[in-house]
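S.K.: Could you build all of it, start to finish, from the sequences and the hints given here?
Chains A and B supply the protein sequences, listed in that same order.
Reminder that position 324 of the first sequence reads as 324 in the working numbering, one-by-one numbering, no gaps.
Reminder that position 121 of the second sequence reads as 121 in the working numbering, one-by-one numbering, no gaps.
Some hints could be false.
Result set (DSBU-like, lysine-lysine): computed pairs, CA atoms no more than 35 Å apart in a straight line [said to hold, decoys possible]:
| no. | chain 1 | residue 1 | chain 2 | residue 2 |
| --- | --- | --- | --- | --- |
| 1 | B | LYS112 | B | LYS86 |
| 2 | A | LYS403 | B | LYS18 |
| 3 | A | LYS39 | B | LYS19 |
| 4 | A | LYS403 | B | LYS116 |
| 5 | B | LYS19 | B | LYS86 |
| 6 | B | LYS112 | B | LYS3 |
| 7 | B | LYS110 | B | LYS3 |
| 8 | B | LYS19 | B | LYS3 |
| 9 | A | LYS40 | A | LYS211 |
| 10 | A | LYS139 | A | LYS39 |
| 11 | A | LYS40 | A | LYS133 |
| 12 | A | LYS98 | A | LYS139 |
| 13 | A | LYS403 | B | LYS108 |
| 14 | B | LYS110 | A | LYS403 |
| 15 | B | LYS112 | A | LYS403 |
| 16 | B | LYS18 | B | LYS108 |
| 17 | B | LYS3 | A | LYS403 |
| 18 | B | LYS19 | A | LYS403 |
| 19 | B | LYS19 | B | LYS108 |
| 20 | A | LYS211 | A | LYS290 |
| 21 | A | LYS372 | A | LYS403 |
| 22 | A | LYS40 | A | LYS98 |
| 23 | A | LYS290 | A | LYS265 |
| 24 | B | LYS117 | A | LYS403 |
| 25 | A | LYS372 | B | LYS110 |
| 26 | B | LYS3 | B | LYS86 |
| 27 | A | LYS290 | A | LYS133 |
| 28 | A | LYS562 | B | LYS86 |
| 29 | B | LYS108 | B | LYS86 |
| 30 | A | LYS162 | A | LYS133 |
| 31 | A | LYS139 | A | LYS9 |
| 32 | A | LYS133 | A | LYS265 |
| 33 | A | LYS372 | A | LYS139 |
Pairwise CB distance ranges (calculated) [as the list claims (entries may be wrong)]:
| no. | chain 1 | residue 1 | chain 2 | residue 2 | range |
| --- | --- | --- | --- | --- | --- |
| 34 | B | ASN103 | A | PRO407 | 38 to 46 Å |
| 35 | B | TYR12 | A | MET463 | 27 to 35 Å |
| 36 | A | SER511 | B | ASN103 | 37 to 45 Å |
| 37 | A | MET401 | B | ASN59 | 27 to 35 Å |
| 38 | B | TYR12 | A | GLY408 | 22 to 30 Å |
| 39 | B | GLU105 | A | GLY412 | 12 to 20 Å |
To be clear, the hints were calculated from the coordinates, so they are not data collected in a lab.
For every residue, glycine included, the Cβ atom is placed at its ideal position computed from N, Cα and C.
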Amino acid sequence: MSPVAYQQKENTLALECFDDFMHDNLAGIFFVGSDARVKKLNQRAAEILGYGTPSEVEGLSLSRLEFFFSQNIVERLQHLLRQEHHLRIDCFPGTNLKGHFAHYSLSCNRAHDENDDTAGILGIIEDVSVHVKRQQELKNHIDEMAVLSQISQAVSSALDTKEVLEIILTGVTASQGLGFNRAFLFLMDDDNRTLVGRLAIGPTSAEEAGKIWSSLADDPRSLVELLSLYREKSDNASQTLTDIIRDMRIDTTNGSVFARAVQEKTPLTIEYDSELDHISESILKRLGEKQVSMTPLLARDRVIGLLLVDNAITREEITENDRRFLKLIADQTATAVERSYLYRDLMERALELERMNGQLAQTQNQIIEAEKMSVIGEITSAVAHELRNPLTIIGGFANLMNKNLTPGSGDGEYLNIIISETQRAEAVLTDVLDFSKASKTKGRRLDLNDLVSRALDMLRVRMGAARSRISFERNEADLPLWGNPDQLLHSLYQVFQVLVQDLPIDLPRASTHRLGDTLRLEVCFPSPDKLRKKVDNTLRQYFGCGNSTKRLTLLVAEETLKHHGGVMGVESHPDDGPVLFVHLPLNEETQND
Amino acid sequence: MTKILIVDDEAYIRMLYKKELESEGYQVGLAATAREAFDLLAAGQFDIIILDIELGDDNGLELLNEIRQNYRNCGIILNSAYSTYKADFQSWLADAYIMKSSNLEPLKNKIKDLLKKDHCES
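M.R.: Here it is as structure tokens:
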């Protein structure tokens with residue numbers, strides 16, 4: 001075979017192979033001649049362009065295909081015939097002869113003849129709509145993940161429940177987030193199986209929406225910025241919207257759609273129509289919207305709330321994709337809300353622990369004080385007993401000498417001073433010994449009313465009913481405190497004794513009250529005006545900074561009260577006259593002895 | 001004449017009581033320890049014993065127990081600077097418990113009461 005014949009055969013074989021390749025290929029393949037007319041194309045390419053057969057296209061100039069490729073692509077193909085070697089367009093939109101819209105990719109190469117002159121363009125065109133759709137879906141997912149991540153990041157730094165809820169609802173309504181017009185949050189009251197309106201974000205009218213959205217457009221912010229500024233964004237509109245649902249209670253045991261969403265733990269969308277149950281209908285009316293999408297907040301398979309969204313302003317339909325995204329946010333919200341609950345519980349326990357630690361420290365101090373008092377009691381007891389014998393001897397001999405003294409002798413006056421001062425010292429010793437005896441008794445739970453009654457009883461027994469006329473009024477039944485019963489009883493007795501012995505008043509009035517964490521015993525002196533100043537002075541002398549045997553007695557009582565965390569003092573009331581008060585700390589807890 | 005025994009380790013207390021009670025017409029014996037008290041009791045009969053509780057090395061309550069067993073007819077007055085012994089059941093063997101005081105009237109009144117009671121019983 002001659003070389004020319006061989007070359008012709010080879011060309012023929014190549015063309016046959018090319019025909020087979022074009023016929024069998026799933027992509028559209030076409031060949032445009034150097035005159036910019038379609039010379040050849042396969043069935044798939046004809047279908048993509050919207051023709052029935054390749055022959056309908058063959059012979060058409062490129063410019064006739066502008067309806068599909070657009071003018072720009074046609075010009076680029078014509079340019080390729082002259083200069084470029086390759087043209088690739090990954091994605092372009094096209095509407096074919098039949099009006100079908102899709103996305104396509106185009107890849108073309110300039111073909112050359114045996115003389116290396118331009119023979120035409122060989123091109124491959126493919127429908128990439130599925131790829132584009134998937135790419136778009138992928139982009140949507142990435143965007144959603146970014147929104148979720150941003151909300152999650154903002155929520156992770158918030159521990160207060162209200163703060164968490166505000167961040168979530170901001171994310172749900174921000175155009176950079178989920179972009180719903182309004183969002184409402186209800187939290188579950190487990191005791192009553194009721195959803196309680198808690199927080200709402202969004203405009204209440206189209207006018208407000210216009211203002212808010214235009215101001216946001218003037219000062220565009222990213223979602224992260226919006227979430228971080230949620231406090232500043234807490235505007236009146238959101239407050240007004242929150243007020244709409246604040247007193248709303250939705251029973252989750254009735255048959256409403258809202259109850260069903262909670263019971264079935266499933267997202268639902270409801271629309272206002274004639275078949276809607278009357279409870280859901282009234283809720284929709286209250287919210288002022290015809291279509292609402294709701295998603296239960298599930299934490300560890302337990303419904304802790306319900307998230308409601310709508311597009312009341314833009315009237316955009318809530319799509320399946322919107323609902324799916326909302327479900328993701330709801331799950332995250334539930335976790336964040338539950339974490340905030342746990343944090344709240346933790347804080348409450350921490351506070352309780354702090355309070356208990358404080359109480360423990362106080363108890364420890366009281367124990368130390370009690371030990372100190374016990375030691376002091378033992379020392380004073382020993383000293384007092386050692387003093388009693390010499391006092392007995394001094395006073396006894398003074399008495400003896402006084403009896404034997406010649407009447408009219410000047411020494412009698414001095415002996416009487418010795419005798420009276422000895423008796424006074426013995427009286428102090430008796431008080432001190434009573435106190436030291438009381439120090440040996442351990443603390444227990446007491447009642448102030450009971451202590452006052454017993455102290456007044458003691459007063460009546462020791463001084464006689466005629467001299468101990470202090471009336472007592474119990475204003476409250478239970479006034480618990482913790483302390484040494486003997487010490488406190490002795491102290492109150494000493495106070496009452498001083499009052500009835502040294503004040504020119506017939507009927508002091510004692511009464512008890514509870515003032516917060518403090519128990520108050522007060523003694524009023526309904527004295528006439530002319531005696532009021534004297535009573536006031538006497539009280540201040542005894543209970544202030546006086547210096548007398550009585551003062552010494554009261555010092556012991558005062559120290560005992562201080563040791564029990566209490567205080568004693570005098571107040572002057574313009575109308576009622578002076579008031580002696582004793583404050584002791586309220587203690588309702590049972591402690592170990 | 002009524003005989004009273006004073007048992008106290010404080011010399012001046014013994015002296016004071018002796019002076020005071022003798023001025024009242026009583027015959028008074030003095031003991032500073034338990035041994036001295038028993039010696040005097042063995043030597044002669046006493047109508048009243050005034051007994052201190054903290055007697056140096058001796059214990060007045062134990063002494064009270066022994067006296068009560070051996071001298072049943074004596075009136076015994078416990079006389080102490082301590083009120084706490086009132087709660088000790090051993091002190092209940094005594095006929096009276098008087099706190100020490102420069103005012104001896106309560107003690108003297110109690111002596112008279114016991115003597116009167118004794119007289120009535122006899």
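S.K.: Give a verdict on every hint.
M.R.: Results for each hint:
| no. | hint | in the structure |
| --- | --- | --- |
| 1 | B:LYS112 <-> B:LYS86 | holds, 21 Å |
| 2 | A:LYS403 <-> B:LYS18 | holds, 15 Å |
| 3 | A:LYS39 <-> B:LYS19 | violated, 159 Å |
| 4 | A:LYS403 <-> B:LYS116 | holds, 25 Å |
| 5 | B:LYS19 <-> B:LYS86 | holds, 27 Å |
| 6 | B:LYS112 <-> B:LYS3 | holds, 12 Å |
| 7 | B:LYS110 <-> B:LYS3 | holds, 15 Å |
| 8 | B:LYS19 <-> B:LYS3 | holds, 14 Å |
| 9 | A:LYS40 <-> A:LYS211 | violated, 60 Å |
| 10 | A:LYS139 <-> A:LYS39 | violated, 40 Å |
| 11 | A:LYS40 <-> A:LYS133 | holds, 31 Å |
| 12 | A:LYS98 <-> A:LYS139 | holds, 30 Å |
| 13 | A:LYS403 <-> B:LYS108 | holds, 15 Å |
| 14 | B:LYS110 <-> A:LYS403 | holds, 20 Å |
| 15 | B:LYS112 <-> A:LYS403 | holds, 20 Å |
| 16 | B:LYS18 <-> B:LYS108 | holds, 12 Å |
| 17 | B:LYS3 <-> A:LYS403 | holds, 23 Å |
| 18 | B:LYS19 <-> A:LYS403 | holds, 12 Å |
| 19 | B:LYS19 <-> B:LYS108 | holds, 12 Å |
| 20 | A:LYS211 <-> A:LYS290 | holds, 23 Å |
| 21 | A:LYS372 <-> A:LYS403 | violated, 45 Å |
| 22 | A:LYS40 <-> A:LYS98 | holds, 21 Å |
| 23 | A:LYS290 <-> A:LYS265 | holds, 22 Å |
| 24 | B:LYS117 <-> A:LYS403 | holds, 28 Å |
| 25 | A:LYS372 <-> B:LYS110 | violated, 39 Å |
| 26 | B:LYS3 <-> B:LYS86 | holds, 26 Å |
| 27 | A:LYS290 <-> A:LYS133 | holds, 32 Å |
| 28 | A:LYS562 <-> B:LYS86 | holds, 30 Å |
| 29 | B:LYS108 <-> B:LYS86 | holds, 19 Å |
| 30 | A:LYS162 <-> A:LYS133 | violated, 39 Å |
| 31 | A:LYS139 <-> A:LYS9 | violated, 52 Å |
| 32 | A:LYS133 <-> A:LYS265 | holds, 32 Å |
| 33 | A:LYS372 <-> A:LYS139 | violated, 77 Å |
| 34 | B:ASN103 <-> A:PRO407: 38 to 46 Å | violated, 22 Å |
| 35 | B:TYR12 <-> A:MET463: 27 to 35 Å | holds, 33 Å |
| 36 | A:SER511 <-> B:ASN103: 37 to 45 Å | holds, 38 Å |
| 37 | A:MET401 <-> B:ASN59: 27 to 35 Å | holds, 34 Å |
| 38 | B:TYR12 <-> A:GLY408: 22 to 30 Å | holds, 29 Å |
| 39 | B:GLU105 <-> A:GLY412: 12 to 20 Å | holds, 19 Å |
Consistency with the previously given hints fails for numbers 3, 9, 10, 21, 25, 30, 31, 33 and 34, ordered from lowest to highest.
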